[in-house]
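Trainee: The task is simple: from the sequences and hints, build the whole structure.
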Amino acid sequence: MPVGGISVWPLGMCEFRPAEQDNPYNKDFWGAELAVDGRYTDLSAHGGQCTISAENKTSAIWRVDLGGVLSIHYIFIQYRTDNVAWTATNGYTARFLGYSVYISNSTNKDEGVLCFKDSSYTRTTIPNPTNITCITHGRYVIYYNNRTHPPYPAGYSQNGAFTELCELEVYECPDGWYGSNCQEQCNVNCGVPYRCDRVTGQCEGGCQVGWKGVKCDTHCNGGQFGQNCSSVCGHCLDKEQCHYIHGTCSNGCDDGYQGRDCTQVCKNNTFGSKCSFTCGNCIYRYGEQCHHETGQCPRGCDVGFHGDRCDQGIDS
Numbered sequence: 001m002p003v004g005g006i007s008v009w010p011l012g013m014c015e016f017r018p019a020e021q022d023n024p025y026n027k028d029f030w031g032a033e034l035a036v037d038g039r040y041t042d043l044s045a046h047g048g049q050c051t052i053s054a055e056n057k058t059s060a061i062w063r064v065d066l067g068g069v070l071s072i073h074y075i076f077i078q079y080r081t082d083n084v085a086w087t088a089t090n091g092y093t094a095r096f097l098g099y100s101v102y103i104s105n106s107t108n109k110d111e112g113v114l115c116f117k118d119s120s121y122t123r124t125t126i127p128n129p130t131n132i133t134c135i136t137h138g139r140y141v142i143y144y145n146n147r148t149h150p151p152y153p154a155g156y157s158q159n160g161a162f163t164e165l166c167e168l169e170v171y172e173c174p175d176g177w178y179g180s181n182c183q184e185q186c187n188v189n190c191g192v193p194y195r196c197d198r199v200t201g202q203c204e205g206g207c208q209v210g211w212k213g214v215k216c217d218t219h220c221n222g223g224q225f226g227q228n229c230s231s232v233c234g235h236c237l238d239k240e241q242c243h244y245i246h247g248t249c250s251n252g253c254d255d256g257y258q259g260r261d262c263t264q265v266c267k268n269n270t271f272g273s274k275c276s277f278t279c280g281n282c283i284y285r286y287g288e289q290c291h292h293e294t295g296q297c298p299r300g301c302d303v304g305f306h307g308d309r310c311d312q313g314i315d316s
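Note that the numbering used here has the sequence shown beginning at 1, numbered continuously upward.
Since the hints were made in silico from the structure, they are not lab data. Among the clues, some could well be false.
Unchecked claim - Label-pair distances were calculated between CB atoms; the ranges are:
1) ASP254 x PRO298: 18 to 26 Å
2) ASN221 x ILE314: 48 to 56 Å
3) THR248 x PRO298: 26 to 34 Å
4) GLY67 x THR125: 30 to 38 Å
Built from N, CA and C at the ideal position, the CB exists for glycine as well.
Mentor: Okay, structure coming up:
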């Protein structure tokens with residue numbers, strides 16, 4: 001459950017965040033901080049749980065400082081009702097209409113991102129309370145309403161703009177989760193397992209060995225393996241993809257190669273499949289042996305032998 005109004009879902013923050021508003025009605029009784037105290041059981045002016053701004057003002061601004069840039073998921077707003085049913089006959093519907101919510105890294109809404117602006121609700125349809133999906137980053141949440149250019153749309157309050165918030169809560173995805181509904185889990189293959197950007201899912205610290213992609217959801221392929229998929233597979237049989245983590249070849253090596261990762265050429269005068277054939281009677285001058293794949297002798301045959309592999313005697 002959220003505590004203190006400004007909350008990181010699912011854990012509540014234990015201290016109130018500093019809030020302020022322009023044109024308070026009486027900040028000693030209806031100050032901006034009442035919208036972030038975690039209380040909204042009494043939605044009247046006399047319940048001590050709602051902030052109220054002055055009448056006959058062309059604009060109304062309320063803001064809260066989250067204390068740092070957060071990755072925001074959604075915002076919960078409970079508007080004043082005076083504990084009367086929220087229907088078209090409730091006068092506070094007219095004051096709520098036309099509101100906007102901004103996220104900014106400064107106290108100036110115009111330097112931030114517009115998350116929501118009501119342009120279609122009526123006194124019958126405006127929801128209260130309401131959840132606003134707002135997937136962005138920022139430090140300040142700013143509630144804004146105005147009555148600056150009459151005539152106003154049908155149903156709008158005629159005696160100014162108001163901020164009569166009984167609660168405003170800010171939620172972000174918990175560690176290890178991301179996406180529009182916080183239903184996507186960060187990948188275990190992230191450099192820091194299950195840690196990623198709460199909005200995009202991009203892994204923190206890159207990827208574990210053998211994985212790639214911003215979400216580390218694709219294992220190495222295309223003949224690569226290892227950290228950052230930066231190592232090249234050896235000569236796996238029939239160009240098979242090696243193991244994406246350690247580079248071993250599960251079905252053996254191409255002719256002329258050996259070892260778990262098939263990177264070692266045949267030696268000790270051997271060649272071919274599994275290095276199981278012995279070189280013929282080649283001419284050896286500089287310590288070389290027959291070709292590790294074909295068994296051909298690079299300098300020809302020793303006296304008395306012929307053939308591509310120098311494995312046939314002159315008399316044969």
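Trainee: How does the Cβ-Cβ distance of THR248 and PRO298 compare with 26 to 34 Å: does it lie in that range?
Mentor: Because 31 Å falls inside the window, the suggested range holds.
Trainee: Is the distance from the Cβ of GLY67 to the Cβ of THR125 consistent with 30 to 38 Å?
Mentor: holds, 35 Å
Trainee: Range hint 48 to 56 Å: satisfied by the CB atoms of ASN221 and ILE314?
Mentor: With a Cβ separation near 51 Å, ASN221 and ILE314 satisfy 48 to 56 Å, so the hint holds.
Trainee: Look at the Cβ atoms of ASP254 and PRO298 and judge whether their distance stays inside 18 to 26 Å.
Mentor: At 20 Å between Cβs, range holds.
Violated hints are absent here; each numbered hint is respected by the structure.
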